[in-house]
Amino acid sequence: MRRRLVRPLIFLGMLALALTGCGSAGSGSPGSTEPASRAASPSPRISGTVTVLAAASLTESFGVLADEFERAHPGTTVRTSFGASSALASQITNGAPADIFAAASPETMRQVVDARAARSSSVFARNHLQIAVPRGNPGKVTGLADFGRTELRIAVCAPQVPCGAAATKAFSAADISAKPDTYGNDVKAVLTAVRTGEVDAGLVYRTDVRAAGNAVTGISFPESAQAINDYPIAVLANAPNPSAAKAFVAYVRSEAGRRALSAAGFDVP
Amino acid sequence: MTRSRPFSTRIPVVLGIPALFGIAFLVIPLLGLLVRAPWGSLITHLHEPGVWEALRLSLLCATLATLVSVAFGVPLAWALARSEIPGRALIRALVTVPLVLPPVVGGVALLLVLGRRGLVGQWLDQWFGISLPFSTTAVVLAESFVAMPFLVLSVEGALRGADRRYDEAAATLGASSWLTFRRVTLPLVAPGVAAGAVLAWARALGEFGATITFAGNFPGTTQTMPLAVYVALETSPDAAIVLSLLLLAVSVGVLVALRHRWVPTA
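Residue numbers (the working numbering), protein chains in the order written: chain Y, 1 to 269; chain L, 1001 to 1266.
It should be emphasised that the hints constitute simulated quantities derived from the structure, not laboratory data. Predicted, not measured: the structure shown is a model, and the values here were computed from it. Heads up, none of these hints are tricks.
Chain Y side only, calculated, beta carbon under 7 Å to chain L, not exhaustive:
#1 Ser86
#2 Ala158
#3 Gln160
#4 Val161
#5 Asp181
#6 Thr182
#7 Tyr183
#8 Asn185
#9 Gly197
#10 Glu198
Don't be surprised by glycine CBs; every beta carbon is placed ideally from N, CA and C.
Full structure from sequences and hints, please.
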């Protein structure tokens, strides 16, 4: 009886460990090896873990920034978790222990500020929409007007998520009634549909086109100026490690941070 | 399957306490949905555009997927339970893989085969101009892929449990194997088929991962209730809760209504 109980318990314990381990996975990506500039390091010694919750579109750039920050501040560890801004916002307002929130839209940041989970935020990057087409452009897409062609397969983000709201703005600015075949539940879902060639065109962020490399081709369009997404960042009110959190935000806004963000395709203010 | 109770069935404490925990674990989250549901604005949320469309699509696709599962799953179960085909164990393992496969991976697999650039899909597209992704057909396919193994396992179990001597008696009286299957075997395992169909239907109704990956997400064409719930969660958790409760109420209602007609109660 005893022996038989022990094994499942060990298994459960291991499962729990594995699950908690998952939480910290995904921090840092093997990105640029460029040495971090020391200019951003503040005077007081900082250490410990900084937990950053960031919008999915920041996956590549914040991966690089986290690595550089850790190198610039030995003794610190940056834990990153990427997801839909709205999902992260509700995690934060429900008490997820994190130091920093970087959102893909001011609206999601406002939810966090309204819930008093953060005092103030500042815009650190801007993102443009861009048309993504599969390699070879099978639908012969040249501009936003092609999104009204019914014979093409089109994917855009659902209007409920930031990239979908931006798409709606761009379509109304261009006076086009888009004929999408599917609404992605986030921008990466749209990108995947383009990348696999299941759609002829999708509307994603310029940073996503950049991240997809050769698999997709990006086409810029003038109306994207009407639908720019601001990315706010904030240190959270209940941050377990506020001094390191402030240093990370300063790093994101420093020269090195701006360089990494614009390399990923962001506009930096 | 009704059984008399010759002995007192007092639950031993060792079983009773974990059983209580089990009940609490499964029921409390549902209570949570009920407690946190925005009862005041329930009617408003139910009248939001697309709600009934999504429900209609969910019921339609789950029912079609169940029919597909029965049409192909019952013969498959018969082959697994009764025939002497070689490699039966391997085939059984393969057809039950979708049970353990994350549905999203199932959706990707369907896309790789039936997508516009898929192994089969590219020829469908070139020769017949048929393109499955982003269509209601794709929803039915995705749901069938995930739900059919439940039906196969259930029917196969019933076939193994059924007394083969009836089949043999029919055969000695000169019935062909098809006639035997139709008039003897199938009526014997009908409760198993019904139980499997109900399981498959319920699984198809809740299907999310394979559907959103393979069929996409468009209101009226491919956006079933679970997809509508997921998208609603982004902006309005209240609306998502209302949609979930609606799906729950409809599926429980259907299952209760069918309980006495199809599935014998224990």
